[in-house]
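Protein sequences, first through last, are from chains A and B. Heads up: the first sequence is residues 1 to 290, going by the working numbering. Heads up: the second sequence is residues 1 to 296, going by the working numbering.
In short, the hints are calculated from the structure, not lab data. Careful, some of the hints might be misleading.
[To be verified] To give an idea of the interface, some chain A residues facing chain B are shown, with a C-beta separation under 10 Å as derived from the structure:
1) 83
2) 87
3) 118
4) 121
5) 138
[Stated by the list, open to error] In silico SDA-like links for lysine to any residue, alpha-carbon gap of 20 Å or less:
6) 15/A / 103/B
7) 293/B / 283/B
8) 15/A / 104/B
9) 70/B / 242/B
10) 15/A / 101/B
11) 15/A / 237/B
12) 293/B / 237/B
13) 293/B / 205/B
14) 293/B / 223/B
15) 293/B / 209/B
16) 293/B / 199/B
17) 70/B / 213/B
18) 293/B / 210/B
19) 15/A / 203/B
20) 70/B / 237/B
Built from N, CA and C at the ideal position, the CB exists for glycine as well.
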Amino acid sequence: MSAPGRSASSRSARKRLAGRRALLATLMLLVAVASAFPLLWMVLSSLKTPAETMQVPPVWIPRAPSLEAYEKVSGVINVGRSMWNSLAIATVTTAGILVTSMMAGYAFAKHHFPGRSLLFSVLIATMFLPPIVTLIPLYRLVGSIGLNASLAGIIVPNLANALGIFLMRQFIAGVPDDLIDAARMDGASELLILFRIVAPSVAPAIAALALFAFVYHWNSYLWPLTVLQGNAEDYPIVISLSRLLSYNRGALNTGLVMAGATLAVLPPLVLFVFLQRFFVDSIVGSAVKG
Amino acid sequence: MIRTYRASAGIMLAPAVTLIGVFILLPMLLTIWLSFQDWSTQTPFSSASFIGFDNFREIFGPTSVGRDFKRALLNTAIYTALSVMLILPLSVAFGLMVYQRDVAGGTALRTVLFSTYMVPMIAVTLVWSKLYSPSEGPLNQMLGLAGIGPQPWLSSPRSALISIVVLNVWQQIGYFTVLAVAGLTQIPGSLYEAATLDGANRHEQFRFITLPLLRRTLLFSAVIAIINAVQVFEPVALITQGGPVGSTNVLTYHIRRVGIERAQGGLGSAMAVMLMLALIVVVCALFAYANRKDDQ
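With the hints as extra help, turn the sequences into a complete structure.
The structure is reproduced here in structure tokens:
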């Protein structure tokens, strides 16, 4: 927005400015409260006793915070196993995406070959394809190669994606050609150049992509639900959680549901708090440079 | 030398191209092919038999299959339109709040807004299903304090769909705010200085500088918002199951129910093809509209 009018020297103009600032500050506070309220309420409710969650008028802040709800959650779903499954899915998928995206991004940014822009366009177009469009044949396809109802079935189809290739190409294009040519003169192989020379100079972009991929695949629901076919052993936490809602409908299970939700939210949120700069940079990178 | 680089470009591309080819492009082509087949999802692709446009006739026909699909298509269109209509203005308003320097706290606001984007949709669904709870839910409690009677939220066919839009907008708005801020930083400050010298007030500056120069950003945001909106699944699958009386039956949920749960792979694929076509038409129309504005 523009700089505040410096010519506004009269008292009434200054008063108007102060009034506008107060209004703006109030609005910003309201927006922040509205945005934060559901998550705050989630955490607070998870610490309430069952009686407190049902009380009218509501108890906003639990009088004696208890972890009772968390204990109960582990009685309904296998929290440890589910968290482990989520971690395995998100980590392995992310590692795969990093490798495939860096390799393809490097080829698109620094190699010349016929059909380069056509191939790039085709791959990028898949970024705009909602997963439901391919879900039915993909389900059958993954089944026919024997990966249904397994963690591998969740992971393998997601090991490469267009967004990753796009981001890596954008950032690797900014690496000086001289650096790469010098390494080629020394006889370094292309893979060595990519991982020893190019990768370190785009490290922030790699971190951003890693976080994005991790959070996305930690949170992903539709595909795991479809491919697992009720194999509860391999449920990631987000699918296990859906069983909490049906466990006991009504107010009695509010604390239970909120405790489960809090557990599932924690890993991505903690990552975000520490590394939000990378998230924001990569979104801006994908939008502005595109 | 050149030849070896070409060979290595092939090696570099092979993993990504193979994976995307097998798990995205091939299924997409299969979806199109299956939409012309009579095929059960329980059976191999080889058991499909060609039936021309019968699947399309059925999903637009007068039977319950057609009624359900048309309702899902309409619900998705309403859902998408409402999402975009809420997301675009809010993202600009919040973006301006984050970007301005008159009042401190912009970056903190961005952090708060964006943090919801990290929350798994399933957790969002669980939390909001309780927030919306008719009797003890905090939303109705707060409305009660303000002297407004309890709202039915997810339990009435009139308000269920918009209630799901609201929880989705709440989750995603931080992402679009960051996009808006990125667009705002691209606008040269000198334009505002010149406008101030010319005596333009803030309202005029917003209308004649900010909005026009944000058009590319808004176009990008609109496309992403549309693609995201047609993917809504968790709240429908978990809370409403498409109800009450079909009012939240949206395409992602409906296509999965038909194509996977009922194993009617041909019918489900025809629906998926229609969704793809609808998206292509809408996105092309948006781009055409933006280009025409650019020419003006």
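Hint check:
no.	hint	in the structure
1	83	violated (12 Å)
2	87	violated (14 Å)
3	118	violated (12 Å)
4	121	violated (13 Å)
5	138	holds (4 Å)
6	15/A / 103/B	holds (15 Å)
7	293/B / 283/B	holds (15 Å)
8	15/A / 104/B	holds (18 Å)
9	70/B / 242/B	holds (13 Å)
10	15/A / 101/B	holds (18 Å)
11	15/A / 237/B	violated (53 Å)
12	293/B / 237/B	violated (40 Å)
13	293/B / 205/B	holds (19 Å)
14	293/B / 223/B	holds (17 Å)
15	293/B / 209/B	holds (14 Å)
16	293/B / 199/B	violated (26 Å)
17	70/B / 213/B	violated (38 Å)
18	293/B / 210/B	holds (15 Å)
19	15/A / 203/B	holds (19 Å)
20	70/B / 237/B	holds (19 Å)
Violated hints for the displayed structure, listed by number in ascending order: 1, 2, 3, 4, 11, 12, 16 and 17.
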